[in-house]
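Those protein sequences? They're chains A and B, same order as listed.
Residue 175 in the numbering used here is what sits at position 175 of the first sequence, and the numbering runs on without skipping anything.
Residue 163 in the numbering used here is what sits at position 163 of the second sequence, and the numbering runs on without skipping anything.
Some clues are possibly wrong.
[Stated by the list, open to error] Okay, derived cross-link-like pairs now, DSSO-like style, lysine-lysine, Cα gap no bigger than 30 angstroms in a straight line:
id : chain 1 : residue 1 : chain 2 : residue 2
1  : B       : Lys235    : A       : Lys128
2  : B       : Lys321    : A       : Lys150
3  : A       : Lys104    : B       : Lys235
4  : B       : Lys117    : A       : Lys104
[Unchecked claim] With beta-carbon atoms standing in for the labels, derived distance ranges:
id : chain 1 : residue 1 : chain 2 : residue 2 : range
5  : A       : Gln76     : B       : Leu119    : 31 to 37 angstroms
6  : B       : Glu210    : A       : Gln248    : 35 to 41 angstroms
7  : B       : Phe144    : A       : Lys26     : 51 to 57 angstroms
8  : B       : Thr35     : A       : Lys26     : 52 to 58 angstroms
9  : B       : Lys30     : A       : Glu137    : 52 to 58 angstroms
[To be verified] Covered stretches of chain B (chain A as the covering partner; in silico rule of three or more C-beta atoms under 8 angstroms from a C-beta of chain A):
id : region
10 : 212-224
11 : 230-236
The hints are simulated quantities; they were obtained by calculation from the structure and are not laboratory data.
Please read these numbers as outputs of a predicted model, since none were measured by experiment.
Don't be surprised by glycine CBs; every beta carbon is placed ideally from N, CA and C.
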Amino acid sequence: MNKKLQHQTAPEVRMETKKLSVIYNKTVYGVRDVDLPIYTNQVTALIGPSGCGKTTFLRSLNRMHELLPHALVTGQALLDGQDIYASKIDPVVIRRKVGMVFQKPTPFPSKSIYDNVAAGMKLVGIKKKSILDGVVEKALRDAALWDEVKDRLKSPGGSLSGGQQQRLSIARALAVEPEVLLMDEPTSSLDPNSTTRVEELIRELRQQVSIVIVTHNMQQAVRVSDYTAFFFVGEMVEHSPTKDLFEQPKEERTVEYLSGAFS
Amino acid sequence: MKADSELSKKTALHSTIPAIYRSPGDKVFKLIIFTLSSAIVLLAAAMAIILYIEGRPAFRAFGHASFLSNTVWDPVAGIHGALPFIMGTLITSFGALLLAILPALGVAVFTTEFAPKGLAQIINYMVDLLAAIPSVIIGLWGIFNFAPFMREKVYSPLYFWATEHAPGLLPVLGAPSNYNLTTATIILALMIIPYTVALSRDAIAMVPQEQREACWALGATRWEVMSVAVLPYAKPGIIAGVLLSLARALGETMAVAMLIGNSNRVPFTLFGPAATMPSVIINEFREAVEHLHYSSIMAVGFYLFVLTMGINLVASAIQRKLMLKKGIS
Chain A
1 MNKKLQHQTA
11 PEVRMETKKL
21 SVIYNKTVYG
31 VRDVDLPIYT
41 NQVTALIGPS
51 GCGKTTFLRS
61 LNRMHELLPH
71 ALVTGQALLD
81 GQDIYASKID
91 PVVIRRKVGM
101 VFQKPTPFPS
111 KSIYDNVAAG
121 MKLVGIKKKS
131 ILDGVVEKAL
141 RDAALWDEVK
151 DRLKSPGGSL
161 SGGQQQRLSI
171 ARALAVEPEV
181 LLMDEPTSSL
191 DPNSTTRVEE
201 LIRELRQQVS
211 IVIVTHNMQQ
221 AVRVSDYTAF
231 FFVGEMVEHS
241 PTKDLFEQPK
251 EERTVEYLSG
261 AFS
Chain B
1 MKADSELSKK
11 TALHSTIPAI
21 YRSPGDKVFK
31 LIIFTLSSAI
41 VLLAAAMAII
51 LYIEGRPAFR
61 AFGHASFLSN
71 TVWDPVAGIH
81 GALPFIMGTL
91 ITSFGALLLA
101 ILPALGVAVF
111 TTEFAPKGLA
121 QIINYMVDLL
131 AAIPSVIIGL
141 WGIFNFAPFM
151 REKVYSPLYF
161 WATEHAPGLL
171 PVLGAPSNYN
181 LTTATIILAL
191 MIIPYTVALS
201 RDAIAMVPQE
211 QREACWALGA
221 TRWEVMSVAV
231 LPYAKPGIIA
241 GVLLSLARAL
251 GETMAVAMLI
261 GNSNRVPFTL
271 FGPAATMPSV
281 IINEFREAVE
291 HLHYSSIMAV
301 GFYLFVLTMG
311 INLVASAIQR
321 KLMLKKGIS
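Model the full structure from these sequences, guided by the hints.
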């Protein structure tokens with residue numbers, strides 16, 4: 001790890017994990033003792049071969065594991081210096097601050113485009129149309145979808161194309177103004193054009209939100225991220241600015257992975 | 001030249017296929033399943049046609065419109081109007097559906113989303129068991145336990161209360177009898193709950209996990225995940241399930257015939273006896289010596305068939321329409 005370089009250039013830390021492990025069925029480690037900073041207004045990419053624990057780690061950052069009965073999280077995940085796993089913290093509040101976009105687009109298919117974006121705001125009790133209108137438009141603009149849907153906000157979310165649905169999912173996550181946005185292979189089910197659009201979007205969004213993106217595509221990590229963490233068999237092997245990690249990897253396993261020795 | 005070579009390629013390919021791949025198995029299999037499945041369609045059609053043909057003398061004597069709208073059913077006088085039974089069937093079925101729908105949805109939501117796995121399995125097993133109890137046994141229990149209990153503890157006190165405080169209600173309530181409309185409706189609700197539970201459980205289980213997670217990730221509570229993501233997604237399936245349960249309730253015969261008191265005197269009252277289309281068929285088919293009586297019973301059967309068929313068609317139409325609207329094909 002290039003500690004020195006990081007300290008010189010590293011921006012403010014938004015989230016940080018300390019010895020974070022996710023254990024399935026009390027015996028199998030999904031990830032083990034991960035220390036990783038997530039910097040404010042930067043894109044952090046998590047790369048690594050399938051099954052290396054990158055998605056597992058991502059889901060631990062907004063306590064999504066609690067939805068599965070067999071997963072246990074140990075260690076700490078600090079958001080603005082506060083452990084999100086502390087006993088008095090409500091996971092519902094954490095998930096409002098740490099939003100998530102999934103592999104497959106997940107709009108609520110029977111709800112209108114408008115209601116999809118407004119869903120998160122309605123959950124916190126904001127129902128005033130004048131406020132919602134503004135929030136919906138801003139979120140759709142931020143997700144680069146506004147121009148395509150502004151004339152049909154009432155049509156169902158399920159009527160959009162796959163790429164549009166994914167941008168709608170992003171807009172929905174942005175509408176509640178999260179501090180961190182987790183993206184789990186957000187382009188894996190999209191065609192190349194839509195992928196390009198979402199990648200451009202990610203570059204623009206980092207100005208307002210800190211992003212963590214899981215990707216199986218190394219080129220995508222190079223294109224969109226500022227920092228990259230390489231995971232291998234449940235361990236975080238290396239974390240550096242993206243350029244450094246791809247041009248001068250420090251760890252043997254990173255070198256092998258980048259050279260295509262395994263995937 | 002080109003066509004030539006392609007032709008020779010084709011024939012070459014054909015001649016190299018081993019004999020086993022050229023066996024008629026596929027064709028025979030296709031023929032068998034085609035015959036079997038069309039036989040079922042034909043059987044259903046034949047039943048409807050026969051019911052219609054056998055009911056034709058009644059239709060000829062009374063006309064469809066007056067057969068359906070006449071409130072008098074008097075085999076001795078040779079007058080047959082089906083309206084009392086149609087009303088009885090609709091009241092008991094829709095009443096049962098209203099009673100069943102909330103508890104059934106509650107059980108379905110609890111077992112799929114909230115209950116620990118073991119408990120959910122036990123509950124589901126018990127609910128399925130409820131569906132397996134023969135209708136006649138539920139009817140027996142109703143006759144000897146439920147109906148007397150309800151009359152003593154519920155209907156009679158209510159009726160006496162109404163005589164003193166709300167005489168306006170009396171024509172609706174009617175004098176409490178052991179076997180009546182309300183008892184039959186409650187028992188019917190009990191009998192369709194397993195179907196409503198099973199069908200809405202399936203609809204809820206079909207909701208992709210990602211839909212739930214997307215809602216969780218917006219900071220939703222458990223209840224909000226249900227109301228925002230799960231139930232709207234499952235709605236077409238639940239509605240279809242409810243309508244299929246309704247079709248079942250319309251046709252349910254034994255327990256209802258045992259408990260409804262079998263009176264075709266309209267207007268029906270809540271605590272008084274009534275009759276349904278299936279109950280009149282089962283009660284009178286043995287005594288139908290008059291040709292017109294027999295034919296009228298067949299005619300009731302025909303319209304019961306049409307009614308349940310219609311509900312089933314509506315169920316699948318609604319399901320298809322709502323599915324398309326969601327963009328799921």
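Here's how the hints hold up against the structure:
1. B:Lys235 <-> A:Lys128: 27 angstroms, holds
2. B:Lys321 <-> A:Lys150: 25 angstroms, holds
3. A:Lys104 <-> B:Lys235: This hinted pair holds, its Cα atoms lying about 22 angstroms apart.
4. B:Lys117 <-> A:Lys104: It holds: about 27 angstroms lies between the C-alpha atoms, which stays within 30 angstroms.
5. A:Gln76 <-> B:Leu119: 31 to 37 angstroms: Holds, at about 34 angstroms.
6. B:Glu210 <-> A:Gln248: 35 to 41 angstroms: 38 angstroms, holds
7. B:Phe144 <-> A:Lys26: 51 to 57 angstroms: 53 angstroms, holds
8. B:Thr35 <-> A:Lys26: 52 to 58 angstroms: 56 angstroms, holds
9. B:Lys30 <-> A:Glu137: 52 to 58 angstroms: The hinted range 52 to 58 angstroms holds for Lys30 (chain B) and Glu137 (chain A), with Cβ atoms some 57 angstroms apart.
10. 212-224: The restraint on the region 212-224 of chain B holds, since 11 of its residues have a Cβ under 8 angstroms from chain A and three suffice.
11. 230-236: Satisfied; 3 residues make the cut.
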